[in-house]
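Mind docking chain B on chain A? Use the hints.
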Amino acid sequence: MGEELKVIVFGLANEEYGIEVEKVRTIERMMPITRVPKTPAFIKGVINLRGVVLPVIDLRGRFGLEESEATDSSRIIIVAVNDLEVGFIVDSANDVIDIDSDSIDTPPEVIGGIKAKYLHGVAKIGDSRLLIMLNLSEVLNKSEIIQLEQQEV
Amino acid sequence: MDMNAYLSMFIDESNDHLQSLNENLLKLESAPEDISIVQIIFRSAHTLKGMSATMGFEDLASLTHEMENVLDLVRNNKLKMDNFIFDTLFKGLDALESMVQDIIGGGTGKADVTAIVASLKAIVKGDYKKDAPSGKATSTSSAGSNDGSVLDQFQSSILLQSIEAGMAVFHIVVTVREDCVLKAARAYMVFDFLEHSGEIVKSSPSVQEIEQEKFDRSFTVFTIASISEDELRKGIESVSEIESAVITQLDRESLEQLGVASQGEPTASASFAAAQAVVDTGRSQTAAASAPAAQAAPAAAGANVSRTIRVDIDRLDTLMNLFSELLIDRVRLEQLASEVRRNDLTETVEHMSRVSSDLQNIVLKLRMVPVESVFNRFPRMVRDLAKSLDKKVDLILSGAETELDRTVIDEIGDPLVHLLRNSLDHGIEPIADRIAAGKSETGTVHLRAYHSGNHVFIEVEEDGRGINREKVKQIAIKNGVVTAEEAKRLTDSEVNMLIFAAGFSTADKISDISGRGVGLDVVKSKISSLGGHVTVESKEGKGTKFSIQLPLTLSIISAMLVKLGSEKYAIPLSSIVETGIVPREQIRKIHGNRMIDYRGSVIPLISLAQVLACTSFPEEEEQETEIVVIRKGDKIGAVTVDEFIGQSEIVLKTLGKYLTNIEAVSGATILGDGQVALIVDPNALIK
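Note that the protein sequences, when read in sequence, are chains A and B.
For what it's worth, our numbering labels the leading residue of the first sequence as 1, then goes sequentially.
For what it's worth, our numbering labels the leading residue of the second sequence as 1001, then goes sequentially.
What the hints contain is simulated information worked out from the structure, not anything from laboratory work.
None of the values given here were measured: they were computed from a predicted structure.
From the three backbone atoms N, C-alpha and C, an ideal C-beta is built for every residue, glycine too.
There's no promise every hint is true.
[To be verified] Now the stretches of chain A that chain B is said to cover, found in silico as 3 or more residues with beta-carbon under 8 angstroms:
(1) 53 to 59
(2) 62 to 69
(3) 82 to 94
Looking at chain A on its own, in the form it has when it is part of the complex (with noise of 0.2 angstroms):
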């Protein structure tokens, strides 16, 4: 046996991902975002989370997955890696479970169009249900972000 992770499940596009819980701050409904110009598309704009302003990115977006419309299952949330503090909007977020750090596998080549190194790997919970384990500190890499600009200029 492995150590016990608690993870946050959210669904994105269909497929089941997981954050550690210890690096989720709170998850919030849709909220008014106020769009900041010159920034990659999937940078939402910023909203203001009781009194502090964050930026919100749509995971979808920056997976490069097609955006779709908010919805009420939707939601954002505010994680804190790195002394970062970012909301990711996602399409629901309704659960957490343990698992055992053991059944999380390094993730297969190709993976949904996903670059594989924004995963950690992917958990196998009971028969059917694959979880897939972010590495936020990829994914909110900003030199990643400056090259995408430098793209798109």
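Positioned in the frame of chain A, the structure of chain B alone reads:
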């Protein structure tokens, strides 16, 4: 015990004590006879020593201990402060400061202070004065207390001088009755009488100790009296509860018998003026010595009047954030109440509004700190600088109680150091030049702070030589800051501002323009980064005044809220010249750039929607365009917007670490409805 838990407290308190030591030592330097100041210094040093020893910073503790030994002698009138002692104590303080700095930086606070310790020890022993025979000061310091025969060199020479001048000098031993209830009060009455009938040169035990009843039944006084022995006796014995007064008139021999006038001859043979000075010193010492004991207690109590509590600045920020949330809810509630139209609801909401606006004031005030915390390090700096430049300078502080936001306070120190250095180095003339110019040899530097409207002003003004405009112009032209043509058209105040230009800051260039401008460009950029301005006024031969205008707080600014389609933006009011409306046909195109005629000059028209890539504002369809005229330095431009919302006080927020260097956006704010609005950076709009 884990000392780390107390480390931050130790550092804070050490800094406080060091500051207080510095301040009071400076005070003492200007009033060397005031023993009450020595008492305060001694207490601070003593506390510092105790704290350091507890925390295990042995070097700190031992250096403080040596300083304390010196101070102890001074406060007991066994040692007189002189320049050497002051310099040594200041050196000691500097060493203590660097040790504390080391501790702050995670070090152990160890430092090699043997030289200072040796000097301090020499002072205590008394053999630092080459001209004073060694051992003498030791006898004065160590013999001490009730042996009334001990006089120091000054005192004995005063007595000797007085005897030689034909005045009556008495040695009086006063004994109070055994059943005396108020010994100190009786002693005071005796002193009072003696002071009226002459000069008290020396008392043993010291006046302080007597007033604190630190004597047994008798005390000894050396006095130069203007009345006869009998009158003296009568006067003293008329004080009730005095048992006896043994009065001996002293002459040269008896003084020598007391073993104190052995080297009186050389001192006495010194010029009369010197002796006179000694008598004067003696007089003021007596006068000062009797008063301070009474003052010491209230002064000590007064020093700690403001009761404070240290709060982590992050917690205050959190409080501010939470509070702005509350304000947003308040706005929403007010809106709901006006819709629901229920009297009791409306009243409650109104009450809540009042309470929360009071709360808002308090919360904002929590971040305000008096500029004193910055100002109080300057007297020392000015003292040292004046000494090294061999100039005489008086620094006059005023308005130290003026409050500024903590963030501004932290940043304002360095610019002020630059300005003060500049004033002392280049403003105030050397003593000879001042006398030649018919000025007093001591230059005056005023450092003042005051409130005016929504701003705080800090001024550095000296009465030195002023700015030589012609030279400034020449240098500016030579360094390519301005062209010769431009220089001709500059007004006096514009020429003065040239010293803030970057081209002026390198040392070799300024040496020939009386050095004005060392690093002043740094000052200017720092102040503007704080949202303030620097101006300079100067009259040649009369002096120069630097004036810094600062916003009260960095976290709240006045801004104009504007709309672009569905989006709202804030433009800081400080860079707005005016607002207006321009009909479409007045917009011209020059080289493909849109321009408008503004008060006789053609200025560029900048589309905010274009800069911010805003798609919801179809600007081309507008028949009349709202414009905001903004200024960056001496450049002016007009920014087109969709609609004005109005002027408002906004709370500045950063966009966080993830979003940095967003073009033309300097931050964000939260509007009354809870939405985030971006703050436009006008400096980025005008290229």
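Each hint tested on the structure:
1. 53 to 59: Three-residue rule met by the segment 53 to 59 of chain A, so holds; n is 3.
2. 62 to 69: violated (count 0)
3. 82 to 94: Check passed, 4 qualifying residues.
Consistency note: the structure conflicts with earlier hint 2 alone.
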